Amino acid sequence: MNYQKLALLFIPLLAACGQKRPEVIERPLFEVRNTSTLEIDKVELNDTATVFHFDAFFYPNMWIMIAADTYIKESGSDERFFITKAEGINIGEHFFMPESGQTSFKLFFPPLDPKITKIDFIESDCDDCFKIWGIQLVPSKKGIVTYKPEKAKVEKLASLPPVEFVDKPAILTGKFIGYQQGLVLPDIQLESMGPIFKPGFGDKIKINEDGTFRMEVNCGLPLLTDLYPWGTKVFLVPGHETTLTIDLKKQSRFESKYRTDKEDGDSAFIYIENDWLSTDDMNILNAICRKTDEKLDLFTLFNTVDGFTTDQYLSWLQDVENSIRSSYADFPTLSEKVKILAEANLKASTYYLANLYSAVIHEAYYRTRNIPHEERQSHPLELEVPADYSKSVIKSFVDENIAYTSSFRQASLDIFFEYNKATFIEANNVEGIVEAFKEQAALDLGKNTDLIADVAKGILYYEKIESGAFLNDEDKANLSAMQNDYVANQLIAYNNKLVELIENNKAAADKGVVINPTPEVAKEKALDVILEKYRGKVVFVDFWATWCGPCISSIEAMKPVKAKYVDKDIVFVYLTGETSPLGTWNKTIPEIKGEHYRVSNEQWEYWYQELEITGIPTFMVFDKEGKLTNRYTGFPGQDTIENSINKNL
Numbered sequence: 001m002n003y004q005k006l007a008l009l010f011i012p013l014l015a016a017c018g019q020k021r022p023e024v025i026e027r028p029l030f031e032v033r034n035t036s037t038l039e040i041d042k043v044e045l046n047d048t049a050t051v052f053h054f055d056a057f058f059y060p061n062m063w064i065m066i067a068a069d070t071y072i073k074e075s076g077s078d079e080r081f082f083i084t085k086a087e088g089i090n091i092g093e094h095f096f097m098p099e100s101g102q103t104s105f106k107l108f109f110p111p112l113d114p115k116i117t118k119i120d121f122i123e124s125d126c127d128d129c130f131k132i133w134g135i136q137l138v139p140s141k142k143g144i145v146t147y148k149p150e151k152a153k154v155e156k157l158a159s160l161p162p163v164e165f166v167d168k169p170a171i172l173t174g175k176f177i178g179y180q181q182g183l184v185l186p187d188i189q190l191e192s193m194g195p196i197f198k199p200g201f202g203d204k205i206k207i208n209e210d211g212t213f214r215m216e217v218n219c220g221l222p223l224l225t226d227l228y229p230w231g232t233k234v235f236l237v238p239g240h241e242t243t244l245t246i247d248l249k250k251q252s253r254f255e256s257k258y259r260t261d262k263e264d265g266d267s268a269f270i271y272i273e274n275d276w277l278s279t280d281d282m283n284i285l286n287a288i289c290r291k292t293d294e295k296l297d298l299f300t301l302f303n304t305v306d307g308f309t310t311d312q313y314l315s316w317l318q319d320v321e322n323s324i325r326s327s328y329a330d331f332p333t334l335s336e337k338v339k340i341l342a343e344a345n346l347k348a349s350t351y352y353l354a355n356l357y358s359a360v361i362h363e364a365y366y367r368t369r370n371i372p373h374e375e376r377q378s379h380p381l382e383l384e385v386p387a388d389y390s391k392s393v394i395k396s397f398v399d400e401n402i403a404y405t406s407s408f409r410q411a412s413l414d415i416f417f418e419y420n421k422a423t424f425i426e427a428n429n430v431e432g433i434v435e436a437f438k439e440q441a442a443l444d445l446g447k448n449t450d451l452i453a454d455v456a457k458g459i460l461y462y463e464k465i466e467s468g469a470f471l472n473d474e475d476k477a478n479l480s481a482m483q484n485d486y487v488a489n490q491l492i493a494y495n496n497k498l499v500e501l502i503e504n505n506k507a508a509a510d511k512g513v514v515i516n517p518t519p520e521v522a523k524e525k526a527l528d529v530i531l532e533k534y535r536g537k538v539v540f541v542d543f544w545a546t547w548c549g550p551c552i553s554s555i556e557a558m559k560p561v562k563a564k565y566v567d568k569d570i571v572f573v574y575l576t577g578e579t580s581p582l583g584t585w586n587k588t589i590p591e592i593k594g595e596h597y598r599v600s601n602e603q604w605e606y607w608y609q610e611l612e613i614t615g616i617p618t619f620m621v622f623d624k625e626g627k628l629t630n631r632y633t634g635f636p637g638q639d640t641i642e643n644s645i646n647k648n649l
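Numbered by full-length UniProt numbering, the letters in the sequence shown go through residues 1 to 649 in order.
Check the hints yourself; a few may be wrong.
Computed list of lysine-lysine pairs in BS3-like fashion (alpha-carbon distance at most 25 angstroms, straight line) [what the hints assert, rightly or not]:
| # | residue 1 | residue 2 |
| --- | --- | --- |
| 1 | K559 | K506 |
| 2 | K511 | K533 |
| 3 | K257 | K148 |
| 4 | K73 | K141 |
| 5 | K206 | K175 |
| 6 | K118 | K85 |
| 7 | K562 | K506 |
| 8 | K175 | K151 |
| 9 | K391 | K523 |
The hints are simulated quantities; they were obtained by calculation from the structure and are not laboratory data. Everything numeric in this text was worked out from a predicted model, so none of it was measured.
Throw the hints in and build the complete structure from the sequences for me.
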């Protein structure tokens, strides 16, 4: 036996066993966290306690809290070591941040076995409680291992896919590196699901337990759109797969104020690629798109454009375009494919702002003079806008590549209605409107308008479905006669699915979801009639909309509150208007137990004015006699809601 070789084998093992865990770890490394509020300054380890020294960063005068069931545990273990005391903050109580937005405190836990070298900090098991995973108690030269993408084995396709409808789904697959059990990510959505359906129509991306996901997107056309909440661009192509990898370890390291192991390139923790674009291509594209967003940020341009005429405004936008184009030289590896998509995004952005001339100049006028909203009617601003302004904007800022972007839907509608105003008012059918548009627009624009006409036609039928006027046989025949299958197939499938969903929802009363018809009374009496139906019970009314993020968040926050009042004399009523698309509304309400009403725009506007609703969500609590006792704009918190209900029971 070669004893010398055997001894060499044991050297690394002995070294590892001999590495003593220090008594104090300054700003320890960690793998993943769900918060940027807490930073670990140091961890003390001794025979009597494990002490975390935290620095907290949060909004002044807003509260944070450390729950009474906060614990630490060895990573990968189920054994919990619960908090024993705290200094600088009271356990289980609201702590209001000072004006500086910073504070420090200590949390004490039982001592840990010396063999434990990696732990998790879990501030209770609630979804939004503070959590930090993989805290290293033994220094490591390797640090935290982050994702290293493999080099592409297949050459990327030379040119972008054509802007043509394809009736196959684009596939978005991916993984979150460092995903942890108990990590609740914010809702992950695509800004657009294609040119026909309304932006935000798409489903949330469901994350599997191993951090992977897969989503089919029936976008029809190649689509450059935003992935929320990261705001990064993704490029989807029907019939092809786009992969997305988000390294949560790298993101946590990049966003931490205290990490000492940061590396160049940590800001690029999102990896996107497909058959056309590499991760490097997408990084360049996203960098240019961010620069475009910065140059055209609404809240920073008001001082610049204040007082501009239409000619000055359009000239300024063209100067911004040229400025962005000059920055292309900063990216030596910029490919023609990326340049086309960057140009498409740039044109979509400037076109959007060009269309907003009147609104932007008005807002600039009032903001630069510090005129509050309530006084603006006393300071009218008259603007001269040429009659052909909209058409000149279309000619100057719209090109065919804008069809790659998620803005193409709105651009198609703008162009369609600009060249079709009279016909749209006079015609009473979709087919007549579309044919009239083709005749008028093609002559003036001098370009092929078939794609715009197809998109506009699809949107008109979609809006018809959303209004509750479902497709009849003639509509389906007209759609099926289109040259591309995508628009017809998607709309007919959506129509049939929505009809089925509505019928299912009507039958869901036994599950606690009740859809009610709007009372057929004068708009002044509608709310009284609704309340009368529930006389003898406390009525909690929620004015909301499907597109309102705070509304959806408050509905989630209300679920544990509502659970406390099962079999009590209280009813939960949800009121929305036609701005909540019929399809989205029917998809959303099965998860919202209560009495539901979707009223006309006229009724909704009347409530807004008469009830002085300044924003949604707005909540109103009525006693058993129908008298208003409390109202809140914005979710006031579970305790406040419960108190306002309890005093009426």
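Structure-based check of each hint:
1. K559 to K506: At roughly 22 angstroms apart (the allowed maximum being 25 angstroms), K506 and K559 satisfy the hint.
2. K511 to K533: The hint holds at about 20 angstroms.
3. K257 to K148: Holds - the C-alpha atoms of K148 and K257 are around 23 angstroms apart, at most 25 angstroms.
4. K73 to K141: Distance ~23 angstroms between K73 and K141 Cα, so the pair holds.
5. K206 to K175: holds, 11 angstroms
6. K118 to K85: holds, 22 angstroms
7. K562 to K506: holds, 22 angstroms
8. K175 to K151: At roughly 17 angstroms apart (the allowed maximum being 25 angstroms), K151 and K175 satisfy the hint.
9. K391 to K523: violated, 39 angstroms
Comparing the model with each earlier hint shows a violation of hint 9 alone; every other hint is respected.
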